[in-house]
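*Asks:* These are the residues of each chain, in order.
There are 2 protein chains.
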Amino acid sequence: MNEQLLLKNIRNVLIRLEETIIFSLIERSQFKRNCIVYQRGGFGSAVGDDSLVGYMLHETERVHARLRRYTSPDEHPFYDDLPPPVLKQLNYRENPLQANTVNVNAGIRAHYESVMVPDLCSEGDDGQYGSAAVCDVACLQALSKRIHYGKFVAESKYQESPDTYDKLISCGDTEALLATITDAGVEARLLERVAAKAFSCSSMLLDEGLSRAFPDTAVTVYRDFIIPLTKQVELDYLYQR
Amino acid sequence: MNEQLLLKNIRNVLIRLEETIIFSLIERSQFKRNCIVYQRGGFGSAVGDDSLVGYMLHETERVHARLRRYTSPDEHPFYDDLPPPVLKQLNYRENPLQANTVNVNAGIRAHYESVMVPDLCSEGDDGQYGSAAVCDVACLQALSKRIHYGKFVAESKYQESPDTYDKLISCGDTEALLATITDAGVEARLLERVAAKAFSCSSMLLDEGLSRAFPDTAVTVYRDFIIPLTKQVELDYLYQR
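So the sequences go chain by chain: S and A. Numbering-wise, this note's numbering puts 12 at position 12 of the first sequence, and it's gapless, one number per residue. Here this note's numbering = 1-based position in the second sequence + 241.
Derived by calculation from the structure, the hints in this document are not laboratory data. Hints are not guaranteed to be accurate.
Below, computed lysine-lysine pairings styled on DSSO-like, alpha-carbon distance capped at 27 angstroms [said to hold, decoys possible]: (1) A/273 <-> S/8; (2) A/386 <-> S/32; (3) A/408 <-> S/145.
All values reported here derive from a predicted model rather than from experimental measurement.
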């Protein structure tokens, strides 16, 4: 099996991304919600008809696209009108995924802006729009990478038992497929680990309210959003396979 | 006194930036050193004659400049050929600093690339150039913000005892000025706090070697680089005042 598909290696990437997600959520939580940064037209025509966060995300993706970020199979852009890479194609390790068009970034962004940010941040406006938007870009990119890694998880599981999966896929039995890709023990351990990491990090924060609330918020983000959406990516990928 | 100059408020900003710096250093430390990203010409003419990190930093600053990041008195760009803001000038709180041209970013970048990255990262090349460069931009921006905040520290101290400072400045007594701005107790507590925070964060890392080494590295960064360079900024600012 391709090295990137070994479950041990996938697990290490996912554990590694827990820190990135926790750090970026904590960073965002230290600014107020600043609703205006998510409103189209909130900053006038200078940022097109996009919101400030959309503009910053789009411009950041343009820079990263030129540096060939989205030629990597584990990276998925939020915008689809990005410039081509200016760097020569890297010899990426052989892409272990089957060709697919799965991209759930629109859903990630909608949920992030309308549910996660209100949960994470105090209501109100502190005028730190640019700083908040920089944090939003980091959060969105980290969430996107983590959730789309479900493709590697799905391909790995498929290659371990192709006959089982082929049967479930061909008869369209989504419920059975979902049961087959789910490992309740792994999910429980993940949530415990996230709680512990979020506690370690948040215990050092000066803001006591934030420090107390953050571990629960991080667990909620994983339990109610990252885990189910990762499984959706796994299902979508398997059905396209 | 202007609210931004109250020592209590300055202290909160500086403590808050400790997390940002620790998070961004940990993120960078999880990739290898990847020397090539710091070499001019390492990625050919597509990134001008800059290094990959320079190119990404420059492009990021262009985006942030258009969103008026560098109109804020606590932000300092690494490049001086940035585009003007596309957004209308914010009504920033009155700028409490005296006009000045102090910008030590060239020194920050040189030290970061040649000393901090080799200390933080394992030697070698993991091919994760874009990811490493994204982390480098975050580290450099966090270090720059923290170190240039010395201007607020210096202005605050000056306004508390203008006569003392005017005398030392006018006779150019740098040694006495340095002694006056130094508070050994505050520095000792800062280093203890950074050690504790770095330990909290690094204890959750999967890589045991990194987890063990990181708290010392973080303390070294503060003791040998951030604290002395912040004081240099304070001195430069006071002499220009």
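*Asks:* Now look at each hint and say whether the structure bears it out.
*Replies:* Hints, verified against the model:
| no. | hint | result |
| --- | --- | --- |
| 1 | A/273 <-> S/8 | holds, 20 angstroms |
| 2 | A/386 <-> S/32 | holds, 20 angstroms |
| 3 | A/408 <-> S/145 | violated, 57 angstroms |
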